Amino acid sequence: MWKLAWRQLLRNRARTLITGSAIALAVAMFLMSLALGDGMYGKMMQAAERSAGGGVLIHHDGWWKGRDSTANITAPGPVIAAAERVAGVRGVAARVILEGLLTSASREGFAGANVRGIDPAAERPFNDLSRYLKRGDFLSGDDPRAIVLGEKLADDLSVDLGDRVVLRFVDATGKEEPALFRLGGIVATGSAEIDRQIALVRLATAQEVAKLGAGVTQIGVLGDPGEPLDALKADVARALGTASAGLELLTWQEAMPELVGFIEMDGNMNIMFALVIFVIVAFGIANTFLMSVIERVRELGLLAALGVTPARIGGLVLRETVLLALVAMTLGFALALAGHAYFATHGLDYGAFIGGDFDVSGVIMDDLIIYTKVDAPRWLGSGAAVLVMILLSALYPAWRATRLDPSQAMRTYE
Amino acid sequence: MTAATAPSAAPDADTAIITARDVTKVYKQGKVEVLALRGVDLDVGQGEFVVLAGPSGSGKSTLLNLIGALDHPTEGSILVAGREITHLSRSVAARFRLTSLGFVFQAYNLVPVLTCYENAEYTLALAGVPRTERRRLVVPLLERVGLGDMLTRKPHELSGGQQQRIAVVRAIASRPALVLADEPTANLDSETSGNLLDLMLELNAEHGTTFVFASHDPDLIARARRVVRLKDGRIDGDERR
Ligand SMILES: Nc1ncnc2c1ncn2[C@@H]1O[C@H](COP(=O)(O)OP(=O)(O)OP(=O)(O)O)[C@@H](O)[C@H]1O
Ligand SMILES: [Mg+2]
Numbered sequence: 001m002w003k004l005a006w007r008q009l010l011r012n013r014a015r016t017l018i019t020g021s022a023i024a025l026a027v028a029m030f031l032m033s034l035a036l037g038d039g040m041y042g043k044m045m046q047a048a049e050r051s052a053g054g055g056v057l058i059h060h061d062g063w064w065k066g067r068d069s070t071a072n073i074t075a076p077g078p079v080i081a082a083a084e085r086v087a088g089v090r091g092v093a094a095r096v097i098l099e100g101l102l103t104s105a106s107r108e109g110f111a112g113a114n115v116r117g118i119d120p121a122a123e124r125p126f127n128d129l130s131r132y133l134k135r136g137d138f139l140s141g142d143d144p145r146a147i148v149l150g151e152k153l154a155d156d157l158s159v160d161l162g163d164r165v166v167l168r169f170v171d172a173t174g175k176e177e178p179a180l181f182r183l184g185g186i187v188a189t190g191s192a193e194i195d196r197q198i199a200l201v202r203l204a205t206a207q208e209v210a211k212l213g214a215g216v217t218q219i220g221v222l223g224d225p226g227e228p229l230d231a232l233k234a235d236v237a238r239a240l241g242t243a244s245a246g247l248e249l250l251t252w253q254e255a256m257p258e259l260v261g262f263i264e265m266d267g268n269m270n271i272m273f274a275l276v277i278f279v280i281v282a283f284g285i286a287n288t289f290l291m292s293v294i295e296r297v298r299e300l301g302l303l304a305a306l307g308v309t310p311a312r313i314g315g316l317v318l319r320e321t322v323l324l325a326l327v328a329m330t331l332g333f334a335l336a337l338a339g340h341a342y343f344a345t346h347g348l349d350y351g352a353f354i355g356g357d358f359d360v361s362g363v364i365m366d367d368l369i370i371y372t373k374v375d376a377p378r379w380l381g382s383g384a385a386v387l388v389m390i391l392l393s394a395l396y397p398a399w400r401a402t403r404l405d406p407s408q409a410m411r412t413y414e
Numbered sequence: 001m002t003a004a005t006a007p008s009a010a011p012d013a014d015t016a017i018i019t020a021r022d023v024t025k026v027y028k029q030g031k032v033e034v035l036a037l038r039g040v041d042l043d044v045g046q047g048e049f050v051v052l053a054g055p056s057g058s059g060k061s062t063l064l065n066l067i068g069a070l071d072h073p074t075e076g077s078i079l080v081a082g083r084e085i086t087h088l089s090r091s092v093a094a095r096f097r098l099t100s101l102g103f104v105f106q107a108y109n110l111v112p113v114l115t116c117y118e119n120a121e122y123t124l125a126l127a128g129v130p131r132t133e134r135r136r137l138v139v140p141l142l143e144r145v146g147l148g149d150m151l152t153r154k155p156h157e158l159s160g161g162q163q164q165r166i167a168v169v170r171a172i173a174s175r176p177a178l179v180l181a182d183e184p185t186a187n188l189d190s191e192t193s194g195n196l197l198d199l200m201l202e203l204n205a206e207h208g209t210t211f212v213f214a215s216h217d218p219d220l221i222a223r224a225r226r227v228v229r230l231k232d233g234r235i236d237g238d239e240r241r
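Chains as they are written, first to last, in the working numbering: chain A, 1 to 414; chain B, 1 to 241.
If you are wondering where the hints come from, they were derived from the structure by calculation, not from laboratory data.
The hints are all genuine.
Which residues of chain A face chain B? A partial, calculated answer using Cβ under 7 Å:
| hint | residue |
| --- | --- |
| 1 | Arg11 |
| 2 | Leu306 |
| 3 | Thr309 |
| 4 | Pro310 |
These stretches of chain B come out as covered by chain A in the derived footprint (C-beta under 8 Å, 3 or more residues):
| hint | region |
| --- | --- |
| 5 | 87-96 |
| 6 | 101-109 |
Calculated Cβ distances over 10 Å to all of chain A for the following chain B residues:
| hint | residue |
| --- | --- |
| 7 | Val26 |
| 8 | Arg38 |
| 9 | Thr132 |
| 10 | Pro140 |
| 11 | Gly208 |
| 12 | Asp232 |
As the structure is a prediction and not an experimental result, all values here were calculated from the model.
Glycine included, each C-beta is placed from N, C-alpha and C at the ideal position.
Generate coordinates for the entire structure from the input sequences, incorporating the hints supplied.
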């Protein structure tokens, strides 16, 4: 029976080739999109981690939820020192976050803003916004009151380099205060959403205006990209020891679950898209095999007349499908592996497709060279799912074959 | 050598191969009912060589299909080799055909993707006969019908007569009790069909295999040992020679 199925496929070479290559290509594309999706997912998670301010964020207990300006890390020194000692840590940055209302001194515009006091050198391993400096300098001039704004935010406030801006906020003692800054630099990331949020001053300046002394709001820890965040968090907590009293450690995924959800949804959309392609291919296969059954009414009828049971006739059609599917899927896997071998080392420049950077709900994706990642269980699982889908698509043609009336095969002259 | 001179295995009328009683077949085409058989009684004993004759549309093929368990009669009963086949399910009927019957059709007898030899041994292979045994049974028969050097050819590389001979070999290779043939010579010239007929008569004589044909072919009718004439779905004459 296998022999018959095999010869049947070889007999109609053109059709077998077309159907087979459709399956092979669809499988290859499906697997490649999985591998690219996984590579992309990894990239996005890393970018999200960097723009969140680190894999693990340390705040005064309750600050993240309550944003109480009086709840700060009063003695950051030992915390930073401890975090820096953790193996694999690539960066530790202390920040002051001042939430308030920014206005231009001329009162032409205002905007709610998070002004962040940062140490530009310490931020470099994180999300180094100095790369996007468009005009002025990035907190490197003489003016201690310099502020760097995103281009859109500066526009909203109608301010230009050298203009003064005022931040009204609540300081560490709980008093509402105005603080005066002078626009020293403008950054343009390419994302309007992000450019509306950026407001940066020097760490020391922020500490001074907020009456924090040596205190900070947040300490971000960036770990090794391969290390799971929970492990990093545990490592940091262990390194802190008693210094962690009164502090809260959050992984960025705990701090920003919506962002994780968004990135995962993006990945699921890709898989859905690939599945839709596959359902279409499955219909094509069903159609091809149905045609091949209808064409062979006489031949299959002859087999029935000779004594092949209906079940075995259906089995013959299924066998043809399985053979074709297995050969084609092997080819598809080979193609996908070849593609993976290339793109895992050379990378696929996704940016070239979409024309530059893009951002996903506030995360700038600037490094868009995607390296494929193969998740072996997922590949094999998808392969099995595809095989099942192909078999399902062959069920109807096979069932039709079992319904053939052998007495009609004898009436060949009619 | 022809069957006329061959030692003949005497038909054994006591061992009934076919017992058909009051067989009626009605085809429904939409609202129109076609009465293809109207109460046919037929007894065929082992070793007989019977041709069903009669004008076109008289019901020859219909009767042959019913005897071959390819279709169910509307009424009546048919026993083949002692077995009631009237109400067999499709798969039981298929197994019955495989083990008890041989078929030769008018055309399209062979599976195009199988070679000459593979076609000839097909039903044996289906029945699970081991490979060497199949070779032992089939190759001499193919040699006998003059196809010994064409074992690996595909059907489309053979003439119509050669194809029919392979179908005959396939039909008798498993030594069935009964071989049914619907117009096996209709597509052949008279010399070729004469040779095919010789072959079947020889096999009938040698093995006592029962043959039942449906045919218009005057040569075939002339050489049959029994001619059952059908007309309008009824038996109109039964002549033994
Ligand atoms: N599947 C069918 N559906 C409807 N009517 C049918 C069917 N098969 C046969 N018939 C009708 O039954 C009658 C007998 O047909 P059958 O094929 O048995 O005749 P036949 O003697 O074999 O004729 P021929 O010599 O032309 O082969 C005819 O009137 C035919 O039209
Ligand atoms: Mg007929």
